[in-house]
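Q: These protein sequence lines are chains A and B, in that order.
Quick note: the first sequence uses my numbering, first residue 1, plus one each step.
Quick note: the second sequence uses my numbering, first residue 1, plus one each step.
Certain hints may be false.
[Said to hold, decoys possible] Taking lysine-lysine pairs in the PhoX-like style, the calculated list, with each CA pair at most 25 Å apart, reads:
hint : chain 1 : residue 1 : chain 2 : residue 2
1    : A       : 67        : B       : 171
2    : A       : 149       : A       : 15
3    : A       : 40        : B       : 23
4    : B       : 17        : A       : 40
5    : A       : 138       : A       : 15
6    : B       : 645       : A       : 86
7    : A       : 86        : B       : 228
8    : B       : 425       : B       : 379
9    : A       : 40        : B       : 425
10   : B       : 425       : B       : 171
11   : A       : 15        : B       : 508
Don't read these hints as lab results, they were simulated from the structure.
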Amino acid sequence: MSEEITEKKNDSNWKPLILGILCNWCSYAGADLAGSSRLKHPANLRIVRVPCSGRVNPLFVLKGFQKGFDGVMVLGCHPGDCHYAKGNYYARRRIMLLKELLQSMGIEPERFHFEWVSASEGVRFAELVSEMSEKIEKVGPFTGVDCSKVPAAF
Amino acid sequence: MARIGVFVCHCGTNIAKTVDVEKAAQAAANFPDVVYATDYKYMCSEPGQNLIKEAIREHKLDRVVVAACSPRLHEPTFQRCIAQEGLNPYFAEMANIREHCSWVHEDRGQATEKAIDIIAMLTAKAKRNEPLFTKEIPLTKKAMVIGGGVAGIRAALDIADAGYKVVLVEKTPSIGGRMAQYDKTFPTLDCAACILTPMMVDCASHPNIEIMTYSEVEEVSGYVGNFKVKVRKRAKSVDASKCTGCGVCYEKCVVKGLPNPFDEGLGTRRAIYVPFPQAVPNIPVIDRENCRQFTKGKCGVCEKMCPAGAIRYDQEDEIVTEDVGAIVVATGFDLWDYSKLGEYGYGKYPDVISGIQFERLMNASGPTEGKIKRPSDGKVPESVVFISCVGSRDDEHGYPYCSKVCCMYNAKHALLLKDKLHDAKAYVFYMDIRANGKGYEEFVRRTIEDYGANYIRGRVSRIFPEDGKMVVRGADTLLGQPIEVKADLVVLATAMQPQPDAKDLARKLGVSTDQYNWFAEAHPKLRPVEFLTAGIYVAGACQYPKDIPDTVAQASGAASKVTGLFSKDALTSEPMIAYINEDTCVGCGLCASVCPFTAIDLVEVVDRAKSTREHQVMRTVARVNEGICHGCGTCAAGCRSMSAKLRGFEDTQILAEIEALANVHS
Chain A
1 MSEEITEKKN
11 DSNWKPLILG
21 ILCNWCSYAG
31 ADLAGSSRLK
41 HPANLRIVRV
51 PCSGRVNPLF
61 VLKGFQKGFD
71 GVMVLGCHPG
81 DCHYAKGNYY
91 ARRRIMLLKE
101 LLQSMGIEPE
111 RFHFEWVSAS
121 EGVRFAELVS
131 EMSEKIEKVG
141 PFTGVDCSKV
151 PAAF
Chain B
1 MARIGVFVCH
11 CGTNIAKTVD
21 VEKAAQAAAN
31 FPDVVYATDY
41 KYMCSEPGQN
51 LIKEAIREHK
61 LDRVVVAACS
71 PRLHEPTFQR
81 CIAQEGLNPY
91 FAEMANIREH
101 CSWVHEDRGQ
111 ATEKAIDIIA
121 MLTAKAKRNE
131 PLFTKEIPLT
141 KKAMVIGGGV
151 AGIRAALDIA
161 DAGYKVVLVE
171 KTPSIGGRMA
181 QYDKTFPTLD
191 CAACILTPMM
201 VDCASHPNIE
211 IMTYSEVEEV
221 SGYVGNFKVK
231 VRKRAKSVDA
241 SKCTGCGVCY
251 EKCVVKGLPN
261 PFDEGLGTRR
271 AIYVPFPQAV
281 PNIPVIDREN
291 CRQFTKGKCG
301 VCEKMCPAGA
311 IRYDQEDEIV
321 TEDVGAIVVA
331 TGFDLWDYSK
341 LGEYGYGKYP
351 DVISGIQFER
361 LMNASGPTEG
371 KIKRPSDGKV
381 PESVVFISCV
391 GSRDDEHGYP
401 YCSKVCCMYN
411 AKHALLLKDK
421 LHDAKAYVFY
431 MDIRANGKGY
441 EEFVRRTIED
451 YGANYIRGRV
461 SRIFPEDGKM
471 VVRGADTLLG
481 QPIEVKADLV
491 VLATAMQPQP
501 DAKDLARKLG
511 VSTDQYNWFA
521 EAHPKLRPVE
531 FLTAGIYVAG
541 ACQYPKDIPD
551 TVAQASGAAS
561 KVTGLFSKDA
571 LTSEPMIAYI
581 NEDTCVGCGL
591 CASVCPFTAI
601 DLVEVVDRAK
611 STREHQVMRT
621 VARVNEGICH
631 GCGTCAAGCR
641 SMSAKLRGFE
651 DTQILAEIEA
661 LANVHS
């Protein structure tokens, strides 16, 4: 375990740092709506804008964990609402596989979320960020891949 | 090495209140490749933009990061700004520290820290931005208007008058929409038909307008300037080219007494019908669910009687594909079903009706020929109670929003009632009177003061029948006492709600709706008549409850957007599209199989490594058809050899954003 991570684990002021990868048309707009509606939520999320959840290479999620994020959320348009017709369906397939991979690496399922958020769901967006922050606060800081946390099924 | 300038906006106090903008700018100055960072009160203002331009000149900046609002709001503004200094517009990035930061956080320390993170991410992305170039794409100068109410009619006429072809698609057998059902319009008491019918006729006779009634949009593909819309023209069972509109068929039709939706169930029609006498086009349709020829397999009366030989029982639905450059959505509204309300009798009392039904009772071409008679026994009412906000401003049963028009039409109904039946009493139960339009407040005052309508502030808790009357029991909150009115007729101002198939249409079009399923405009103030999907516009009450003046104004607004689009000879395409690195592509075709737009083809190229001078060896690679690619990036995420890439959202850019953040925190 690197010094930096040990330091983070022991810091009593630790707050989760979450990476959000949001599609431009629905979820990023939903986050904008949460903003213009002044819906307060924890300041733990950092957002990367992509055109479509279909653009999300699972590598981006892994890179997030590699670089020390405590959690990653990928948000896209609801099924049927994709600006590009079906990019979100491809995202869903990839992410189902990715979830298994993360588990097999010993990364707790609470740390990774894939949800649909539409442009009108500012409230839902703010709630999701709050919920995810709480969940990660419970599991604690991410301190790297831990083989002892791999479920028996793997 | 890039030379990045960072410009942190205060947005008045919108950002500066919760984010220490000076500190953010100072922190940004230390990020890799940042050579200049500053903050300013309003970056989007002219002095703000000049500040950016001067800094580009003075510090030889080649990338600009503006930390301000959402890129969905002002990215084009700053792209134009830096383009004026000769930079490629796609060298501008926006760090969203308002919607995603200052507006949603209260702790100044945390918000400032987050803002600095966001700037770090976008700075790292900007460093890796490549110059991007738009391309010209052709455009079809023909528009489609969906919905033939007053909004659709106005929009179609405006576009057609500007010299462009328009296809007007209407679901019902006639254009006219809701307005055709009304008797008079507030606040001028113009006869609705006198305003609308000439417009309907103009539409029908306009050389640039093609009307498709009894038709629905099935499928929409393509993009701005080049939409392909499949329209299902439902079988009318009448040959429109032969029908003269004489009306013999529906006079002779033997299936009588079917409820006419145009009369809101108060009047009847036959199995072959035109919904109302002024219908445009004046061509009847056969209701196949009730026509005896279709249900019993024998009848043929209309066919025998039709002097023009226009009846076609074997007619089938027809699917036509229209190529259009722009689409106006003007599908209007529906009305809330008050039968959910037990206190108003679950819709079971015939003398408790909705506002639109009262409108039909007053209309000269309505079921009673304009004589106000109550539905149960045809009695001319001596007292009528009008109730506001039925389903509107009612979180519990209906909708939290105000339907905007009910205060005014209640006043109109009360006034017209007193005008037609001088001795009748009009009571209006209201929560507030919202009369905020030109001449509106004066109109309500006239109803109360000159016509003597009795306005009671309060809600009605129960309606029940007693001795042939409807007893309306409620509270007068101004007097602070209960009140009971015995009425012959009760008229409910039911809430406006989205069309039941609005969400479905939104999906076909690829546009958004809000939480109620009203169509969602791109921006309520900056782009009120446009959707985020380019080339699609919105008009009328399909967006939100609106009255006729607002609807018509917006329809003209949408039409002027369309004609603005059509005034160009070609459109510029977004350059954020996919491309393939053919050197590393192995031709597996995965990208082609996942592309939602089939924009990727597999092509044969010469394999230079294996070819000799005498013998050419070919290999397969993927190639993006730039005219079709929409830039979703599904191919880039799926490519096994990382050969499929997306301009503007390259792997290197996205990974750099993630890494930059890690660097700030380490």
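Q: Each hint should be assessed against the structure and marked as holding or not.
A: Results of checking the hints against the structure:
A distance of roughly 55 Å separates the Cα atoms of residue 67/A and residue 171/B; the hinted pair therefore is violated under the 25 Å criterion. Between residue 149/A and residue 15/A the CA atoms are separated by roughly 22 Å; this keeps the pair inside 25 Å, and the hint holds. The straight-line distance between the Cα atoms of residue 40/A and residue 23/B is roughly 23 Å, inside the 25 Å bound, and the hint therefore holds. Between the alpha carbons of residue 17/B and residue 40/A the distance comes to roughly 15 Å, so the proposed pair stays at or under 25 Å and holds.
This hinted pair checks out: residue 138/A and residue 15/A have alpha carbons roughly 11 Å apart, not beyond 25 Å. Between residue 645/B and residue 86/A the CA atoms are separated by roughly 18 Å; this keeps the pair inside 25 Å, and the hint holds. In summary, the hint linking residue 86/A to residue 228/B is supported, as the alpha carbons are separated by about 18 Å, within the 25 Å threshold. Proposed proximity of residue 425/B and residue 379/B is supported: the alpha carbons are some 15 Å apart, at most 25 Å.
Annotation: proposed proximity of residue 40/A to residue 425/B is violated, straight-line Cα distance about 51 Å (limit 25 Å). For the proposed pair residue 425/B and residue 171/B, the alpha carbon gap of about 39 Å is over 25 Å, so the pair is violated. At most 25 Å may separate the alpha-carbon atoms for a hinted pair to count; residue 15/A and residue 508/B exceed this at roughly 43 Å.
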